[in-house]
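Residues per chain are reported as follows:
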Amino acid sequence: MAAWLVRRLAASIAIVFAVATITFLVVHIAHGTPCGPSEARPLAPDVCERQRVRFGYDQPLGVQYVKYLAALSRGDMGESFGLHRPVGDALADAIPNTFALALAALLIDFALGLALGIYQAARARRLGDIALGNVALFVNSMPVFWLGLVLLLVFAQWLRWFPVGGIHNPVLCPRLDSPYCLLDFLWHLTLPALTLGLVAAAGTARYQRAAMLEVIRQDYVRTARAKGLRERRVLLVHALRNALLPFITLCGLAFPFLLTGAVLIETVFAWPGMGRLAVSAILQRDYPVVTGAALVTSTMVVLGSLIADVLYAVADPRIRVRGA
Amino acid sequence: MSLWNWLALGGAAVVALAAVAQIRRRVTAAAAGRRFFRHPTAAAGLFVLAFVVSLALAAPLVAPYRPFVQIDITRLANHAPSAQFVLGTDPYARDVWSRLVFGARISLGIGAIAMLVAVTIGAGVGAVAGYFRRWVDMTVMRLVDVGLAMPRIFVMLMAVALWEHIALPVLVLLIGLTGWFGTSRLVRAEVLSLREREFVAAARALGAGPGRVIFRHVLPNVAAPIIVSAALGIGNVMLLEAGLSFLGMGVPSPAPSWGNMIADGWPKMAVAPWAATFPGLAISLVVMALNAVGDALRDALDPRKETL
Amino acid sequence: MPTARTLDRLTTRAALAGLVLLAACERRSGCGGDYCGTLVIAAAGEPDILLPPASEFAVTRDVTEQLFLKLADLGPSGNTVGDEDFQPQLAERWEWDAPTTLVFHLDPRARWQDGPAVTAADVAFTYDAYTDTLVNSSFRSSVRQIAAVTTRDSLTVVFRFRQRYPEMFYDAVYHMRILPAHLLREVPRDQWRSTAFGRAPVGDGPYRFVAWKAGESIELAADSTFFLGRPHLRRVIWRFTPDQQVAVTQLIAGDADAVEVLISPDNVQRARADTQLATYPYRGSAYGYVGFNLAAAGDTTKPHPLFGDRELRRALVMATDRGRLLHNVFGDFAKVPPGPMSQLWWIWDPDIRELPYDSAQAARHLTRSGWIDSDGDGVRDRDGRPLAFRLLVPTTSAIRRQYARLLQEQFRTVGVDVQLDEVDFSVFNERARAGRFDALINVWNTDPTPSSGFPQTWTPAGFGRSNYGRYDNPTVDLLVDRAVASAANREQARRAWRGAIETLNQDAPAVFLFATENVAAVHKRIADVRIRPDSWAALLRTWRIPADRLTDRDRVER
Numbered sequence: 329m330a331a332w333l334v335r336r337l338a339a340s341i342a343i344v345f346a347v348a349t350i351t352f353l354v355v356h357i358a359h360g361t362p363c364g365p366s367e368a369r370p371l372a373p374d375v376c377e378r379q380r381v382r383f384g385y386d387q388p389l390g391v392q393y394v395k396y397l398a399a400l401s402r403g404d405m406g407e408s409f410g411l412h413r414p415v416g417d418a419l420a421d422a423i424p425n426t427f428a429l430a431l432a433a434l435l436i437d438f439a440l441g442l443a444l445g446i447y448q449a450a451r452a453r454r455l456g457d458i459a460l461g462n463v464a465l466f467v468n469s470m471p472v473f474w475l476g477l478v479l480l481l482v483f484a485q486w487l488r489w490f491p492v493g494g495i496h497n498p499v500l501c502p503r504l505d506s507p508y509c510l511l512d513f514l515w516h517l518t519l520p521a522l523t524l525g526l527v528a529a530a531g532t533a534r535y536q537r538a539a540m541l542e543v544i545r546q547d548y549v550r551t552a553r554a555k556g557l558r559e560r561r562v563l564l565v566h567a568l569r570n571a572l573l574p575f576i577t578l579c580g581l582a583f584p585f586l587l588t589g590a591v592l593i594e595t596v597f598a599w600p601g602m603g604r605l606a607v608s609a610i611l612q613r614d615y616p617v618v619t620g621a622a623l624v625t626s627t628m629v630v631l632g633s634l635i636a637d638v639l640y641a642v643a644d645p646r647i648r649v650r651g652a
Numbered sequence: 024m025s026l027w028n029w030l031a032l033g034g035a036a037v038v039a040l041a042a043v044a045q046i047r048r049r050v051t052a053a054a055a056g057r058r059f060f061r062h063p064t065a066a067a068g069l070f071v072l073a074f075v076v077s078l079a080l081a082a083p084l085v086a087p088y089r090p091f092v093q094i095d096i097t098r099l100a101n102h103a104p105s106a107q108f109v110l111g112t113d114p115y116a117r118d119v120w121s122r123l124v125f126g127a128r129i130s131l132g133i134g135a136i137a138m139l140v141a142v143t144i145g146a147g148v149g150a151v152a153g154y155f156r157r158w159v160d161m162t163v164m165r166l167v168d169v170g171l172a173m174p175r176i177f178v179m180l181m182a183v184a185l186w187e188h189i190a191l192p193v194l195v196l197l198i199g200l201t202g203w204f205g206t207s208r209l210v211r212a213e214v215l216s217l218r219e220r221e222f223v224a225a226a227r228a229l230g231a232g233p234g235r236v237i238f239r240h241v242l243p244n245v246a247a248p249i250i251v252s253a254a255l256g257i258g259n260v261m262l263l264e265a266g267l268s269f270l271g272m273g274v275p276s277p278a279p280s281w282g283n284m285i286a287d288g289w290p291k292m293a294v295a296p297w298a299a300t301f302p303g304l305a306i307s308l309v310v311m312a313l314n315a316v317g318d319a320l321r322d323a324l325d326p327r328k329e330t331l
Numbered sequence: 040m041p042t043a044r045t046l047d048r049l050t051t052r053a054a055l056a057g058l059v060l061l062a063a064c065e066r067r068s069g070c071g072g073d074y075c076g077t078l079v080i081a082a083a084g085e086p087d088i089l090l091p092p093a094s095e096f097a098v099t100r101d102v103t104e105q106l107f108l109k110l111a112d113l114g115p116s117g118n119t120v121g122d123e124d125f126q127p128q129l130a131e132r133w134e135w136d137a138p139t140t141l142v143f144h145l146d147p148r149a150r151w152q153d154g155p156a157v158t159a160a161d162v163a164f165t166y167d168a169y170t171d172t173l174v175n176s177s178f179r180s181s182v183r184q185i186a187a188v189t190t191r192d193s194l195t196v197v198f199r200f201r202q203r204y205p206e207m208f209y210d211a212v213y214h215m216r217i218l219p220a221h222l223l224r225e226v227p228r229d230q231w232r233s234t235a236f237g238r239a240p241v242g243d244g245p246y247r248f249v250a251w252k253a254g255e256s257i258e259l260a261a262d263s264t265f266f267l268g269r270p271h272l273r274r275v276i277w278r279f280t281p282d283q284q285v286a287v288t289q290l291i292a293g294d295a296d297a298v299e300v301l302i303s304p305d306n307v308q309r310a311r312a313d314t315q316l317a318t319y320p321y322r323g324s325a326y327g328y329v330g331f332n333l334a335a336a337g338d339t340t341k342p343h344p345l346f347g348d349r350e351l352r353r354a355l356v357m358a359t360d361r362g363r364l365l366h367n368v369f370g371d372f373a374k375v376p377p378g379p380m381s382q383l384w385w386i387w388d389p390d391i392r393e394l395p396y397d398s399a400q401a402a403r404h405l406t407r408s409g410w411i412d413s414d415g416d417g418v419r420d421r422d423g424r425p426l427a428f429r430l431l432v433p434t435t436s437a438i439r440r441q442y443a444r445l446l447q448e449q450f451r452t453v454g455v456d457v458q459l460d461e462v463d464f465s466v467f468n469e470r471a472r473a474g475r476f477d478a479l480i481n482v483w484n485t486d487p488t489p490s491s492g493f494p495q496t497w498t499p500a501g502f503g504r505s506n507y508g509r510y511d512n513p514t515v516d517l518l519v520d521r522a523v524a525s526a527a528n529r530e531q532a533r534r535a536w537r538g539a540i541e542t543l544n545q546d547a548p549a550v551f552l553f554a555t556e557n558v559a560a561v562h563k564r565i566a567d568v569r570i571r572p573d574s575w576a577a578l579l580r581t582w583r584i585p586a587d588r589l590t591d592r593d594r595v596e597r
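Protein chains in written order, with our numbering: chain A, 329 to 652; chain B, 24 to 331; chain C, 40 to 597.
These aren't lab readings, by the way, just hints derived from the structure by calculation.
Backbone N, C-alpha and C fix where the C-beta goes; we use that ideal spot for every residue, glycine too.
Each hint should be verified, as a subset may be incorrect.
[What the hints assert, rightly or not] Straight-line alpha carbon distances no greater than 25 Å define the calculated DMTMM-like cross-link-like pairs of lysine to aspartate or glutamate that follow:
(1) C/K252 / A/D505
(2) C/K252 / A/D404
(3) C/K563 / C/D591
(4) C/K252 / A/D512
(5) C/K252 / A/D421
(6) C/K252 / A/D417
[Unchecked claim] Computed from the model, here is a short list of chain C residues facing chain A with C-beta under 10 Å:
(7) G237
(8) E255
(9) S256
(10) E258
(11) R274
(12) Q289
(13) T434
(14) S465
(15) R592
Let the hints inform the model, and build the full structure from the sequences given.
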């Protein structure tokens, strides 16, 4: 198990390293150094000077690459052109917001997806199952941002139940330091999280339904039924426990989806997370932020699948045998 | 819409129905075909796809206007759906229905071509990695890991940011080039198991080269997962295209891709919700049909897993 | 197992508990009285830097208006001729020592917010900065008639002009915001556009800088000791949105208290229907146009391969049905300008001659000069080169994006292919200044008088700064000089302006699309809302919220 874990961890680090290298190379090939004479978007001379010393822009590519990696290992991702602050700081502000959104969406995803999946499995091939299945398939096929726009129009602009965007009330709650502000934050969080969560939940429900059906057919469930246990108990205790196993994999898979969806959803709802940071950086040709965001996102994706793998291994001993 | 347009629309529906019926008759001879049509939504999904494709092909007949024509920008902008404009007009007084129909060409076209690129590369890479194993497999699969670690939309956005403007063919190619990682993994796994089977071993024993073995013996036998991932892939590409266009980095104006239509319509969402709503519904419907067909295909082609 | 009934009761109780919690957490106490109040302004676009000579953005002007004072400011009449209608700000009084020598006496109460008094040396320093080629301020051309600024003693400063002209007082006070020499002297002049001071400025105005969250907001707080009277609103917050439409949406949803303009007729309708909002129409100071780059994109020494050709530009102007485009975008809330001018300018005159809309003649012109669709692809071409160009548009402006799509179709019908370059505002601005574009859709917020507003943008004085397309016609320059010199005599000046603008119209350096008629919307609890058309937030310090209308947002202590 330990050896497997170490190997898995090493592979993850290698992937992140490769992503860093690729972004470095791509930006350099297409774009040169940020302070070059032909630069369309020049940095201020003082910032340039700092950058030049730190990243060695006047030196050969190899040296630059080493310096870049060295800086990266210290968590230094350079200076943003547009935000007038280090990229690391900007990302550090944005990441918790994206996490909050992804976490809330994940909660909705699992709660709703599980419930729907179980219900559908219990009613398999009856009207309720088929209707819900089609609705779920439809929702799962929507462009996430479009659903966001529709929810925004209906619940924020027409009904005015929710704010039209942002993460908090800038006057009353610039910081999360009171229960009132926590509520304010949750109130702002609802629509974006619901948008992401709904689309993801529709996928989860389909997956969960299939997993449940698989389990229901197995002997021990039949035994449980034969023992005279009530259907509800059979489903929720015996079947669900085993159907949850593939669910862990789903967590790992849901994570990239949520991060990708967040890019668009954060733009729609003016949510100051990584996605919006990245999109506005791209629009402003703010390359240090773009590469920084790409790197952090990749790291999170890799981390997500690593955690899922580990959880899976812990939950299912068979994996360990195969992995070791 | 004129009578002719309605007739053409009806014609498209009839063609689609006929196509589905024809397919059904042909394939139900085989067990896989029967399994496919046993799926409750498969026929409906197939019909939706056939219908949208025939609409796209017959666009000039079905659409009363050219997609870029601004009919009367002073009086007919943001016009609500009516007999003349069945889905209303957008803020630029363009007929939403006409744009939707012509847009099907672009959106489906991008989906199909990009998917073709992705699946070709994915199948090729996967087959090579699975067949040769050892260091080839190692290198390629680590590369795939890296590719899968970078969210696709990020890669696309970076590409768009680095070059000032990207022509449509390049965009399609880029979407294809960033979409093959999953397929290659799938194909590799299948090839790995196939490789050990008797008929492959026999082919090799008879002196067939790797190229011949891969193309003649291995790939035809992994067609099922490739077809399924292609069906699902088109949907993903369509969603990606919509997202990019929404961010202003996709298909350039005035081409009527469905993503573009949402982007053009949404600033006036409060006055003319139809302009952004219908293209969104269209995407959802087509992607849903693709998913349904993909699911049914998977069940039909792979009898081991039955989800019903 | 809970029945449906008990479940219902449970949710009701949970909801009630939530409400109680909410009520308990609301801040009933806090600020009360006349000097409370928080104003949240939703703005499209964010300042690049809060240092007046180094930025041309309208939103920079709105914010710095609260931070830095001028020597004197425009009065309610808006008259820019002579000095009678100006109101004292930093200067408590002034006199003329000679026809070209103007002496200001600074108000001894004026203080920089970090302590020191505002002195004559600050004024001299400011003039030096505004005219420095390294700072390269857009306002340099506006103060070109001032020969020197010297100090007589610590509170007396002397302006010497090159010549006498009617709007010389206006030029002395309107363009420059006085800057703190003690904080900026050490900053190298070529780094003014990126100095840290510009991210956290220290001023002498009614408000002091509190915070700038990049991409989100700028917060200012009232300076309770401000020598010209304590501002009523305690806090002013600019909230930045990706575009104007989002700003309006935030206002209508109650997330913001004010927007500068409602842009489209449907927004005006929605704001008027809203019981929480009051609308304030005011004369628009902005005009928008498609500007052609007369020089090659990125190389100012060569003419542009297309737009270097006057005939082609004229054909494109004639191919544009500006009235219909305007109606689609603005409804009745704008007019087609008869040249480069806002409705604020007194020279506005619908009778000024310009090229007519005549797409048939435009097409004939194009054909005659050799632009024919020889390959049948719908786009004209000549010598194998298609008649195609890229139009630069900022994504922050919903109006300009809308115009871009309308123009694209309009030009297509005469066989001209237009591709859109939609970029972020900061990128737009850089490319425009650097001349890296074929054509662009630009909007100017004009000065209150053409005497300073026109030369900045349509004469060589603006090369490398606000004259993006590098338009240059000596006849126009001559007529403008004559007009500026005769500003006191309205009829004479009007004739000269008319001549200049008609000449410019014949050269067709741009398609003048719209001159706005603005409607601002402000939350009803805010009283005494006064808007000065040339700078809508200039009088912000007089806006107030009566004590009985304060909301939690106003009372909260932070």
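Okay, which hints does this one fail, numbers in order?
none
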